[in-house]
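Peer 1: Start from the sequences and build out the full structure, keeping to the hints where you can.
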Amino acid sequence: MSGTNSRLRALRAWFDDRVGILGEMERLGKKKRVPLHRHTIWYYLGGMTLFLFIVQVVTGVLLLFYYRPNAEGAYESIQFLMTDVHFGWLVRSIHHWAANLMIFTLFIHMFSVLLLRAYRAPREMTWFTGVVLLALGLTLGFTGYLLPWNELSYFATTVGTRIVGVVPWVGQFLLGVLRGGNDVTGATLTRFYALHTAVLPALVFLVLGLHVYLVQRHGMSVPPEVESEEKPPRSIPFLPDFALRDLVGWLAALAVLAALAAYFPAELGKKADPFASAPVGIKPEWYFMFMFQTLKYLPAYILGFEGEAVGILGFGLAGLLLFLVPVLDRPSVRGQRTRLFVWLGIAMIVYIVTLTIIGYAVSPKG
Amino acid sequence: MSVRALVACFALALAAAPAGTAPGLAQGTQDAAPPRGDTIANAADTTGAASADTTGGAGAAQPEESCVSCHRSLDSERFSAPAKAFHNDIHASKGFGCVACHGGDDKDSGFGAMDPAKGFIGIPSRRDIPELCGRCHSDAQFMKRFNPSLRVDQVAEYRTSVHGRRLAAGDTLVATCADCHHIHSIRPPSDPKSNVYPVHVSQTCGRCHADADYMKPYGIPTDQLQKYEKSVHWATLSQKGDLSAPTCNDCHGSHGATPPGVSSVVNVCGQCHAVQAGRFEASFHSEIFSMIGAPGCVTCHGNHEIHAPTDAFLGVGDSAVCGRCHTADSKGAQVATGERSLIDSLADRMQVADSILGRAADAGMEVSQAQANLGNARNALIQARAAIHSFSVDSVRAKIDPGLEVADQSATRGRDALQELQVRRLGLAVSAALILLVIVMLVLKIHRAGRPTRPGEGKQRGNGGEGSHGR
Amino acid sequence: MDGEEVRQAHGPRDGSQRDGASRREVVNWILGLGAGGVAAAVFYPIVRYIVPPEEAQSAANSVALSVKPEDVKSNSGQIFKFGNKPAILIRTPTGDLRAFTAVCTHLGCIVEYRADLSQIWCPCHNGHYNLQGINVSGPPPKPLTEYVVNVQGDRIVVSRGQAG
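Going line by line, the protein sequences match chains A, B and C. When we follow my numbering, the leftmost residue of the first sequence carries the number 137, and every step to the right adds one. When we follow my numbering, the leftmost residue of the second sequence carries the number 238, and every step to the right adds one. When we follow my numbering, the leftmost residue of the third sequence carries the number 163, and every step to the right adds one.
Hints listed in this document are in silico derivations from the structure and should not be mistaken for laboratory results. Watch out, some of these pointers could steer you wrong.
Derived BS3-like pairs: lysine-lysine, alpha-carbon spacing no greater than 27 Å straight-line [to be verified]:
1. K477(B) x K464(B)
2. K243(C) x K367(A)
3. K430(B) x K304(C)
4. K304(C) x K407(A)
5. K467(B) x K477(B)
6. K304(C) x K247(C)
7. K406(A) x K230(C)
8. K477(B) x K406(A)
9. K344(B) x K355(B)
10. K406(A) x K247(C)
11. K304(C) x K243(C)
12. K167(A) x K367(A)
13. K430(B) x K407(A)
14. K355(B) x K321(B)
15. K477(B) x K304(C)
16. K407(A) x K247(C)
17. K477(B) x K247(C)
18. K230(C) x K243(C)
19. K407(A) x K419(A)
20. K243(C) x K407(A)
Peer 2: Structure follows, in structure tokens:
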């Protein structure tokens, strides 16, 4: 065993002499320290999201082996994948569940950062890239949902893209670009396919790279409450202590994914039929539910504008404000103790959770 | 309706033709040979011009029709309603005007338009209506110019019907063409607004036949409509919208409403239920039924109130129809129960297969192929249910056996899928156990790896606010 | 994975260095075994996934039949599986190969070919379709959907789409 170890070490030394990247990473990893305090748990969520993203890339690439991106064959190819391909059900189900979990951890990660005010200087850029990643994640979810070309996804996409159409002035143009025509058709499918498998992942890689670099550059943020305590917090090195703890979380996530895939495999439903009437209880994916539900409550016209248009612009504005939080939260930047943005964040969470619950409780089951 | 028409006829005859109704009507009947030059030529030139020209010309002439312009503005609805309704009529759309049926001159804007000398007949007598319609509708040459696929035997058929025979005998209460097809808004049967659109036929017939007072002189039942509306045929027609499902005229004839004889009803049912009828015809029941004068299908299935047959019909139990004649220990009862148990066995096995596949599908397994295959078993079951009409256990078994095979295959596929689900879960358990093992070992390792240090204890400051890494 | 040497400085909690070292050996050994198992659990499905399944992925909208063109007798028909729905392949008395869905448009029974009539026939309610799949008598409300039949060498390929 030690013989193998020494040979491996020699191989690594040889590699490091020429590339040097592993040694550099190890040096950085050992140098980097993760503070331990009562909020340390939130530090794991970024890594968890990253792990789930990697799972998405791997399973996504595997799905490409059998998927056929056209309206005539998409559904059938998934059906083939689910029945005839060995472990096809597993790959697709894991892709399905990891996507949902990733969005979930993304939200938790973002809100923890918001509530702990980890966006303070010099970490504004980390926040900006994070919000962009959230938007990219949601868009990935939206585009991926259509790809199986089943009844539910077809109509959910029809409804979802229609909402874009109500944006004043440019709505119809955007709708056409998004759908690749006036309606959701095979053209929409190829468009979403290109976005989902090429454009969006490439953007995620870029922004994610920057995000991770910035985390590495600035280290872990310590919440102001902890910072102001008398004793500065204890810390552990990132490598190996924190990385091992991360690994535990990742493995647990893997086990959960496998269990979800085995007990609740991704469903396929009926093939989309553009000429059929929409089935009852069309619902978006759960992470769009709060927006969907909000739009339902808006009156038809607000101050002479279409209610839905106001709603969309409202969400756009909310997104922009969320993006600009590091700039807006001046008191925190100046080091003053203010909990305004904490309360705003909590209000946002309560709003999202409440409307999501209402959305599932009120509308009839699909 | 018909009484009103008679009164109106009389009134108009008095008003417009003081000389009496006879000449006008006589002329109408004498000239019944199609098409009458002076009236119909206005609408459709018989001299050989292309029909498109003539209909177009007549259509263009229509706004000038004096009949419509006068009658529309008359206060009495009796006089104005036809003028207002006629634009919906298929004849109007083909270019025919009032004079095509009523005679007279639609160019004359005065009372001269209704001059019997110009062929005006006013309201045709009910007895003459079939002849009036038949002037054109019985003329194959003429009809070809408008609708080549339309039959031209309606009037001939009508004369053979009870309605037609009674009318000929002077009973003007019976239905004539206009009573079913409407008077001035005649629409083709394919038009959903038509009285004779399949969905509306039963109401149309029922207007008279479900009216106990109206039908009193004839002494026939009036519950047919009520019964029919409880039947599977009406449910199929009205709820499923299947226009091929039978309504009154599909069994009783559209124009040749022949009273149903025993053998003819069997023939009618067999038009659609061919397999059942064929097997019945070949069976000994057919012979025995005709010997004792019992109608074929109707004996077991009823006539107007035909419910969807269930398997419970078969056998000698409470709702079983065989038991009405056969005692429980007879040979007939044995055959019935034998057939019933075969059919039940397939239905049960299909049920089993369906529930297994359903469970597999609910668990997320893809079994749509097996579910589709189960359709073959359903096919066999339907054929077996048809085969009972030969009243032989063997012929039923010949249909049941392949169905059983398919049902069992489907059930096996379902069980395999459930088995596969167990394998998946076993695989999951193994993987989860491995992951758990690694996690436990990692936790052990983490535990014995270093304890956290405070700034000053370690080499690095842990102040996260100011990163010291990567610079 | 090679952090353990570094972390030795902090050492195990019990005093015995040698016991600790051997326990660490055991932990590492089990850890390696477990990690190998997990890796196998991850990579085995992936490898199996990439290896193409026995039944090749059919072109989504077509199916190659196992029957050879010369084995389909004139004036005969047979049911085959198209997607997961039954379809019927017929050879007309004049020698043409045609394919239709075998699901009757009336109540969904599976139709069959009647050589005596040279028609497609539904046994449930005596529905007849002609050799173009058009409902000619009985209750069926609509024609059968026609598929395109192509003969490629000794294979018959049936596909969805514009039937010609």
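Peer 1: Determine for every hint whether it applies to the structure shown.
Peer 2: To see whether the hints hold, each was checked on the structure:
no. : hint              : in the structure
1   : K477(B) x K464(B) : holds, 19 Å
2   : K243(C) x K367(A) : violated, 75 Å
3   : K430(B) x K304(C) : holds, 22 Å
4   : K304(C) x K407(A) : holds, 22 Å
5   : K467(B) x K477(B) : holds, 14 Å
6   : K304(C) x K247(C) : holds, 18 Å
7   : K406(A) x K230(C) : violated, 33 Å
8   : K477(B) x K406(A) : holds, 22 Å
9   : K344(B) x K355(B) : holds, 11 Å
10  : K406(A) x K247(C) : holds, 14 Å
11  : K304(C) x K243(C) : holds, 21 Å
12  : K167(A) x K367(A) : holds, 21 Å
13  : K430(B) x K407(A) : violated, 36 Å
14  : K355(B) x K321(B) : holds, 24 Å
15  : K477(B) x K304(C) : holds, 15 Å
16  : K407(A) x K247(C) : holds, 14 Å
17  : K477(B) x K247(C) : holds, 23 Å
18  : K230(C) x K243(C) : holds, 15 Å
19  : K407(A) x K419(A) : holds, 17 Å
20  : K243(C) x K407(A) : holds, 18 Å
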